[in-house]
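Visitor: This is what each chain is made of:
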Amino acid sequence: MQQIEHSPPRRDPAPSRLNYRMHRLMLRPTVRRALRFGLPALCVAAAVGLYLSDQGRRDGIAMLVDDIKSTVRERPEFMVRLMAIDGASAGLADDIREVLPVDFPVSSFDLDLTRMRSDVAALPAVARVDMRVRPGGVLQVAIVERIPVAILRTSNALDLVDRSGIRVAPLGARFARPDLPLIAGAGAEDEIDEALELFAAAAPLADDLRGLVRVGKRRWDIVLDDGQAIRLPETAPVPALEQVIALDQAQDLLAREVQVVDMRNPRRPTLRLGESASERMREIRALELGDD
Amino acid sequence: MKDLYESQRAMRAMRRAAMQRGVIAILDVGTSKIACLVLRFDGPETFRESDGVKSLAGQSSFRVIGAATTRSRGVRFGEIDAMRETESAIRTAVQAAQKMANVRVDHVIACLAGGEPRSYGLAGQVEIEGNHVSEQDVARVMAACDMPDFGEGREVLHAQPVNFALDHRSGMADPRGQIGQTLACDMHLLTVDGNVISNLLYCIKRCDLELAGLASSAYVAGCSSLVEDEQELGAACIDMGGGATGLSIFMKKHMIYADAVGLGGDQVTSDISKGLQVPLATAERLKTVHGGVVATGMDDRDLIEIGGETGDWDLDRRTVSRAELIGIMRPRVEEILEEVRVRLDGAGFEHLPSQQIVLTGGASQIPGLDTLAPKILGQQVRIARPLRVTGLPQAATGAGFAAAVGLCLFAANPQDEWWDFQIPADTYPQRSLRRAVKWFKDNW
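Just so you know, the sequences run in chain order U and G.
Take the first sequence: its position 65, counting from 1, is numbered 48 in my numbering, and each next residue is one higher.
Take any residue in the second sequence, note its place counting from 1, add 726, and you have its number in my numbering.
Next up, chain G with everything else stripped away, as it sits in the complex (with noise of 0.2 Å):
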């Protein structure tokens, strides 16, 4: 735990550096492919009190100077299966993002799919000292949480305080300065598998890339693709990936749960390469250019030229009709969409009193899927794209970049996590020297 909290903290410390610096980047590590966005922050934005709320919700003190996107290799499940495969295809991104923005980056702040997330939520209360919440209350409430037993080898992703209670008053967003006595807290904690996360991580170190910041791609597809109503009011996002689909549920503006399920575009690409017998890459250009997975009669008679290269002209010249594509999708999709189904269903996603469903990801732009969704989901889906961001090139606006957009908003403002907080003064080690200093530094 506590290697991890240092660990944490040492990111936050980059993170703050290179704001200062100005430019950091934005790397997607998916399954379909990596997508590398660089930022530059020009400091604050300069607004008038009278204005209220900022433009573009305060989301326009930085700007998206390069952007590239190459096609992922070695990543399976949104983990690292082969490293060199993988650390070169970052490697292309990073170049050609670095080579549009004319500018080097250091700091590079990732996301990651994969890796089996689960969901806690933890609990802690105590007594607070003196009368009002100070800020050791707040962290010595944190600390009280009991830690679950997520198993060896799962590293803790985020850890957020989604709720504080003082007393009989719950959901409060910030305690301190308040009067009470029993102050307690509500935490969200999403782990991950550890090797995934240090796989990843030393992919971006052979890049000679600094890592400023970690998050889950399910997190951040949430924060790019969900409207502030949807996520004060409760809303699940469902980013449908590459190869795996990330689900996060959020509430009163914080994710309360998250989870993934293993499957994506790439099994239902699959899916139609072994149906049609055609190979992979045909199949992927079948299904983004005809695919679809709501069959009318006009489909019946649509008739597309699979096409190939092999030499043998039968082969080579088949045809399908594009309901028989839609027969092949639509039972992946609907597999898919059924599994996001039960993880919903096993968090008690139907105890929200707003139950929307937001579909966003490369694989929710298949036509058809606003009437197919509904029906497995229930009637409030919808498909979205993600914010609009400064300078991001129309080629990167699309569903596919959600979550893209969603942690250049995670670099600008990130969400405190535990180790944002202070630390509890009793956890510190009894050689006083540290706490002496603390002592200077509170007191001169």
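Extracted from the complex, chain U is given alone in its bound form (with noise of 0.2 Å):
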């Protein structure tokens, strides 16, 4: 016997208008711009959201990032072991020590290099000073020190300054360091250099020559062993100096009873006599006037 078939009804081939109506939404541009791009973004956005949403998770992600920072910077290659100081005497190196308080071995990504080298500069005797981790795992300070060139004496110190007139260290007594000049006065460190011409000029005196005192911020006094005073010009100290250096040699002016050679008026010099000289001169212009 024939089997009978019965097809099943036919489908509606006409899409459902809300079929319809999808198809037409998802053909708009901004709809399949959003899908393409906008929804896998905000998918994976909500996934890591939602995964970090647990303050463990959050904790334990942080720990994990920090534990790979330190096992990266405690390699032996990153780490410092000793520190090498150049270019300075070895007090001013005990004094860099005692700045630089780094207990090593120690990373060198913990090293502030800036903020020592700041400190180490901040110390008086150091005029330059670089600094760099050098391979091997040593800080290397390089040091350019202040020389100082004279002695400042203030009120209650002695100091030494260098050519710039900064104080570089203190100084106990003058005779620790005799090959450096002494000056004195208010605003002495701010002329140096003045200073020191003159006292190259002053070479022939030095046997007898004390230090040199900076008279109101603006001219030189020499001093002298036994009291006795140059008093030098403003402006042309040097050959002022010289003038009366040749007199000195000429008719040995500094050994007679003179207290003070003022050559403030160079076109006048100009002495004071000590007392006893003064009362002789006076005998002498008496005898020679004749007596009353």
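Rather than coming from a laboratory, the hints here were simulated on the basis of the structure.
Every residue, glycine too, gets a C-beta built ideally from N, C-alpha and C.
Misleading hints may appear alongside valid ones.
A few chain G residues facing chain U, derived, Cβ under 7 Å [what the hints assert, rightly or not]: (1) Arg810; (2) Ser814; (3) Thr818; (4) Gln821; (5) Arg830; (6) His833.
Estimated spans, in silico, between C-beta atoms of each pair [unchecked claim]: (7) Thr13/U / Val1163/G: 34 to 42 Å; (8) His858/G / Ser(-1)/U: 54 to 62 Å; (9) Pro(-4)/U / Asp934/G: 16 to 24 Å.
Straight line, CA to CA, 20 Å or less: simulated EDC-like cross-link-like pairs of lysine to aspartate or glutamate [unchecked claim]: (10) Lys759/G / Asp(-5)/U; (11) Lys1101/G / Asp1071/G; (12) Lys825/G / Glu936/G; (13) Lys979/G / Glu1076/G; (14) Lys825/G / Asp(-5)/U; (15) Lys759/G / Asp807/G.
Work from the hints to combine the two standalone chains into their complex.
Guide: Here's what the structure looks like:
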């Protein structure tokens, strides 16, 4: 017997109204872009946000990151084991070690070179400092020291000063550095260069020279051993000094009883005599003029 | 009259907007199939002045990027019969075309075959103001055309000025700027049943589409099937569809007459179905695969298995000779052609200088029609396929797509209709606001 096949009712090929609308919606450029890029981005953001919404997980991730950081940091390649100080005297090197309290070995990531450098540069005896971590785990500190050129006497202390007038170190006693000239007076440290020139010019008087005094922040007095003083002008003090030295060499001026050689006006040098000398002078004048 | 004017202008504005967006859909709602094409406009083509005529006669500015056809449902005689069915068929076609084009279309231009199109020839005459014919004079002469009483519930589908005459000179294409006194105008007016249009509008609206234009399928089939000289010298295009046969007469590149016969390929199918006692689907298959209209001696011996799945062996194993099939089909085709002949005679086709008749549409593909048609319609008959447009799939280049292709051309460059011209100034409402706006537009 033949089986009669009933075909199932044909499905309507037409899209439903909803299907049609959805299809048209999907064809909108904005919707298509949103589906292609926006939706995946949203899903990823949602997943990440959901995962990170737990405090424990966040802490775990932070710890993991810290662990990785510290393992990299503490590799032997990055460790600094010792500090080498170049160009510093022994006392300064001790000072530097004191201001850089670093416990070696330390990772080079933990060294704040900028701050350390500014710490070292703040030391008065340091003119310039370069710091770097040398391969091999050595912290290299290259120092250029300030060179003291004079001793500055203030009202209560003696200081070493360099050429630009900056105090390098305190000095216990004048005799500790007999090679350096002594200067004093307010504003003396600002004119170190001129003072050094004067010292160079005053080399013939070196044995008697005690120091230079800055007067009124404008001119120099040369003070000699037995209280003698040479007052120099504001402008061109060196020729005036040379003039005095020439006088001294020709006529032994300073060996006589002269208290002050006043060269403040170089065209009219003036002498102030000592007390006995001026007495004597008066007697001689009296003799010359005749007794009254 | 006013609201039609407004709605047609609105459709033109919509079409312009769609062109700007670059995508527009074509919808041919026929009795046997619904075709949807998606066109993309890439802007005006760039040709040098020296190129002369543009390629494809200027039709290459668009490209078909999506095409879909579906079996029509709920349409009879070119009119919508079951709204829901038609709506879902339109949805099927539009969705498939959109899918192929991978683009969303919002604007659609549709055509319809039914609705009892009626043609009217209108004439108007005015004295022109000033020496030269201005835009306003053209508007006034068209407004002066005496409107025939085309009856309640009918809508104007096309209103094309076909001829201008200035004083004693007739046959002008463009009278603007010419010197004369009396301007006359002939206009061709095509009306269809308003309900048919509003049903179609409703279906399209239900599909979330905006209507950007509406055309008679007889007219657009003529646009795509007639070659340029036929349109110029005068020809009739007969669009033999499934449920209706449209005819349009062209002269000087204008449609001067259009009509429709409510007979088509579906009647042939139903005749076969009744004559051979077979279902409609089988009859349709027999018609398209074995059909014909001219029998030869060979056809007597050519037996066709009818087939069937009723379960009755005697019924399912019947054979029919091809001559019998032709015998059923031929009278109906003859009837259609004779009906067309009557309509052509009624329109005065025999007075035209050239009497070319062009058959197109799905039903024109019946083998032997080129032998039968000259016997009824006269010697100058040819079977035509529509113009080839860029990007059209091979499956959609047949004669059945004449209206769809014509609609593409209509979308690309529509002919100027009444509503494309200026509104005559004296029909403005007395409120002077709009006039003031116009004054500003003209002067600034």
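Visitor: Going through the numbered hints above, which ones does this structure break? Give me the numbers in ascending order.
Guide: Result: hints 1 and 6 break, sorted rising.
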